[in-house]
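**Student:** One-letter residues, chain by chain:
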Amino acid sequence: MPKTKVRTAQRLLSGNEAIALGAWEAGVRYAAAYPGTPSTEILPALAQYAGVRAEWASNEKVALDSAVGASFAGGRALAAMKHVGVNVASDSLMTLSYTGVGAGLVLVSADDPGAFSSQNEQDNRHYARFGKFPCLDPSDSQEAKDFTRMAFDLSEQFDTPVMLRSTTRLSHSKGAVEISMPDAPREITPLPPFERHPRKYVMIPAHARLRHPEVEKRIQAIAEYAETCPFNQVEWGDRRIGVISCGVAYQYAREVFAGFSFLKLGMTYPLPQGMIRDFAAEVETLVVIEELDPFIEEQVRAMGLTVIGKQFFPATGELTLGRVREGAIQAGLPVVRPELQPETDSPALTIPPRPPAMCPGCPHRAVYFALRKLNMLVSGDIGCYAIGVLPPFEKTDMLISMGASIGMAHGAKQAGSPDKIVATIGDSTLFHAGLPELASTIYNNGAVCTLILDNGTTAMTGGQDNPATGVTLQGESTQAIDIEATVRAMGVQDVWAVDALDVKGVEQAIKEATAIEDRPTVVVVNGACVFTPQFHRRPVVEVDPDVCNGCGFCFRVGCPAILKSTEIDAKTKRPKAQIDPLLCTGCTVCLQVCPRNAMYQVHEEEA
Amino acid sequence: MDTVKTMQAMQAMKTINFLLVGVGGQGILTASDIVAEVGLQGGYDAKKSEVHGFSQRGGVVESHVRWGKQVAAPTAEKGTVDFLVATEMLEAARWIEWLRPGGTVLINEQHIAPMSVTVGDATYPSNEEILAVVQAHTDDVSTIPGLATAERLGNTRLANTVLIGVLSTRLDVPPETWVSVIEQRVPPKYTDLNRQAFWEGRRLSEPRP
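Residue numbers (my numbering), protein chains in the order written: chain A, 2 to 608; chain B, 154 to 362.
No wet-lab data here; the hints were simulated from the structure. Watch out, some of these pointers could steer you wrong.
Unchecked claim - Estimated spans, in silico, between C-beta atoms of each pair:
no., chain 1, residue 1, chain 2, residue 2, range
1, A, Ser418, B, Lys342, 53 to 61 Å
2, A, Arg538, B, Pro298, 19 to 27 Å
3, B, Gly196, A, Asp398, 53 to 61 Å
4, A, Pro315, B, Asn280, 33 to 41 Å
5, A, Thr479, B, Asp293, 49 to 57 Å
6, A, Ile569, B, Asp293, 31 to 39 Å
7, B, Gln288, A, Thr307, 43 to 51 Å
8, A, Pro315, B, Gln288, 30 to 38 Å
As the list claims (entries may be wrong) - 25 Å max Cα-Cα, derived DSS-like pairs, lysine-lysine:
no., chain 1, residue 1, chain 2, residue 2
9, B, Lys167, A, Lys265
10, A, Lys265, B, Lys222
11, A, Lys572, A, Lys505
12, A, Lys374, A, Lys505
13, B, Lys222, B, Lys167
14, A, Lys311, A, Lys421
15, B, Lys231, B, Lys167
16, A, Lys133, A, Lys265
17, A, Lys311, B, Lys231
Just so it is clear, CB atoms sit at the ideal spot from N, CA and C, and this is done for glycine as well.
Assemble the whole structure, with the sequences as input and the hints as a guide.
**Tutor:** Written out as structure tokens, the structure is:
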């Protein structure tokens with residue numbers, strides 16, 4: 002056999018792309034995920050590589066379960082999800098720790114310090130300790146690739162799931178990665194028949210009791226390994242300060258404490274206690290810099306060591322260079338460039354805030370306009386429609402997790418809430434966790450009105466396919482699950498289907514559905530997200546300034562394309578409306594709500 | 154403190170910080186991809202960082218790019234940005250405190266009203282007010298007719314490439330590298346237009362007679 006030639010090159014890769022590359026280099030055969038910021042881009046990156054089956058699962062537990070099956074069957078497998086997704090998968094995860102793996106299995110948890118696109122900022126390193134499996138914490142794209150690759154070996158060496166923990170800043174930063182691509186495609190050998198190990202893979206109580214001691218032995222062995230793990234490194238410098246750090250926080254610390262000594266932890270659970278003791282003995286002041294919870298700090302304190310930590314480097318929000326520098330200065334530590342301490346001067350100009358808004362043409366607009374008009378109590382869910390809580394709609398009253406809209410609405414009604422309440426949930430979220438909640442309200446003689454906002458995609462995360470779209474992550478066509486038929490088959494007798502851009506139709510359907518108070522109802526609102534190929538721009542809408550009197554009604558549809566004109570109406574003394582033709586998609590929601598018929602659609606030949 | 158001082162000098166000399174800011178949907182992420190890639194191909198280590206998701210829906214978008222001998226943190230900090238590139242006027246004012254004193258500010262002449270302005274909770278400041286705030290931090294401010302130039306070339310999406318053209322004149326990486334990175338990054342049918350937009354940007358930065 003001729004040797005395969007290998008080309009090496011340096012490429013800028015995001016943390017997520019690097020994780021995908023590392024998994025591919027490790028020979029991953031099966032990968033599954035549910036889209037969730039900041040983890041989303043890992044699977045599409047993996048789907049590009051030959052020899053990997055990459056899939057969108059309907060939720061994170063399904064993703065992990067599928068990866069578990071692949072691993073038990075002898076194929077290396079990966080499941081990726083955002084931090085809160087691990088909560089959904091945790092039922093399987095905690096017992097996967099008992100069974101261990103077949104071939105290597107890596108769980109990527111992408112945490113979101115700062116809650117840039119999440120409902121909380123939980124620190125998932127706790128899961129590693131809770132479940133007694135190792136956690137790797139890369140600090141840049143190169144490490145994201147290297148750690149992921151090695152995570153599969155670790156998984157097999159210790160018969161354990163391995164958590165690779167990313168954060169928003171790692172997943173969505175790009176850095177140079179050394180890559181070596183073999184010229185020849187990877188050879189895929191068929192898997193051997195399943196090796197039966199019921200005592201290992203079938204967790205009935207008797208077997209679980211046998212596995213538990215194995216888990217305890219394993220975590221001891223991994224703790225010993227941590228002492229020599231190549232990802233845990235001491236970098237000696239000025240020994241007056243010794244910094245223990247991990248993840249992206251290490252990169253900030255490296256700049257703020259340039260020249261001092263570092264213990265850089267690539268494996269944050271279990272900790273290399275011997276290494277930490279030796280390091281601490283050599284430095285005058287020990288500092289722990291980590292994002293979110295004092296996870297390392299508390300374990301180091303439990304070893305009887307004195308450290309500077311969360312007292313100065315906050316547990317809330319994302320760390321930044323500025324926050325690390327500020328904390329260091331407050332702690333009285335010498336730092337590089339202390340003059341950069343953030344100024345507290347208030348800016349000379351009030352800058353209007355720019356909160357997120359529904360896009361021009363968004364199919365959620367007419368729904369939230371109607372919900373405001375009808376003054377409904379709204380139990381919301383995770384997706385772009387959460388923007389409905391912001392002005393001008395201010396129409397979401399509760400939102401907590403994926404699928405919870407229906408259960409919360411049901412509970413509020415059953416407890417006796419006198420309000421007219423609706424649940425709003427998107428198509429992808431419905432298949433994620435909404436269906437069991439709908440089943441429960443149907444079963445319990447609930448009377449929730451559920452609005453299913455079917456925009457034909459998983460929009461907030463950038464437009465991924467889902468069980469209702471008819472396309473897989475690999476681009477194959479597949480059965481699109483019919484939402485209306487599904488809810489009817491579950492026993493909902495009163496189902497409306499309306500066009501999302503028909504303002505009156507949407508309002509009418511919600512009115513009719515909520516008028517029924519003794520049984521569950523569903524309104525399916527159909528309208529393509531503007532980022533899908535199914536969405537078509539139509540001729541733009543213009544305002545006739547001679548008819549518009551500045552009543553401001555159209556401003557209440559919250560469309561970024563509708564602006565206040567500089568022209569003031571002589572009678573009302575209010576600015577007239579104007580439409581930005583670059584942003585307008587011709588959805589006509591504004592035109593439909595204009596009480597003076599001051600808007601018209603420009604015909605193609607004029608445009 | 155000698156080691157610390159040396160490191161300080163090294164960092165001050167070698168890291169170039171860019172902050173690209175604008176509004177969701179304006180193409181900030183692609184523009185910053187290009188700047189980062191040019192850095193890498195121009196012989197620097199480079200990192201870039203941004204945030205996806207909820208805020209991208211018509212909200213503020215910011216993307217950091219850093220070039221240096223060896224870049225550690227993927228983001229710069231307040232008061233250290235060398236080049237603030239704003240694709241929208243108001244965003245230049247919002248982010249100005251990130252500029253190092255005397256740094257460079259490039260602003261695309263375009264206004265996008267935030268929802269807070271449209272619903273009447275806030276007022277969009279005048280150009281004079283915005284520029285006054287920006288000029289309090291630096292004399293090196295250029296407003297660039299990026300959108301107007303792009304419209305003249307026939308596609309408003311080219312505005313960022315015009316800005317990149319202007320930015321390229323301030324850096325030591327040859328224009329050919331910029332052009333080749335842009336060509337790799339944009340859809341093939343738009344390569345010619347983007348090349349044109351880039352050179353228009355460079356022309357805009359020439360001293361006027």
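**Student:** State for each hint whether it applies.
**Tutor:** Hints, verified against the model:
1. A:Ser418 to B:Lys342: 53 to 61 Å: 56 Å, holds
2. A:Arg538 to B:Pro298: 19 to 27 Å: 26 Å, holds
3. B:Gly196 to A:Asp398: 53 to 61 Å: Given about 55 Å between the Cβ atoms, the range holds.
4. A:Pro315 to B:Asn280: 33 to 41 Å: Holds: the Cβ-Cβ distance is about 38 Å, inside 33 to 41 Å.
5. A:Thr479 to B:Asp293: 49 to 57 Å: 55 Å, holds
6. A:Ile569 to B:Asp293: 31 to 39 Å: Hint holds: Cβ distance 38 Å, inside 31 to 39 Å.
7. B:Gln288 to A:Thr307: 43 to 51 Å: At 49 Å between Cβs, range holds.
8. A:Pro315 to B:Gln288: 30 to 38 Å: 34 Å, holds
9. B:Lys167 to A:Lys265: 24 Å, holds
10. A:Lys265 to B:Lys222: 21 Å, holds
11. A:Lys572 to A:Lys505: Outside the cut-off at roughly 29 Å; violated.
12. A:Lys374 to A:Lys505: Holds - the C-alpha atoms of Lys505 (chain A) and Lys374 (chain A) are around 11 Å apart, at most 25 Å.
13. B:Lys222 to B:Lys167: Since the Cα atoms of Lys222 (chain B) and Lys167 (chain B) sit roughly 6 Å apart, the hinted pair holds (cutoff 25 Å).
14. A:Lys311 to A:Lys421: Judged against 25 Å, a Cα distance of about 45 Å means the pair is violated.
15. B:Lys231 to B:Lys167: 18 Å, holds
16. A:Lys133 to A:Lys265: 21 Å, holds
17. A:Lys311 to B:Lys231: 22 Å, holds
The structure fails hints 11 and 14 (numbered hints given earlier, in ascending order).
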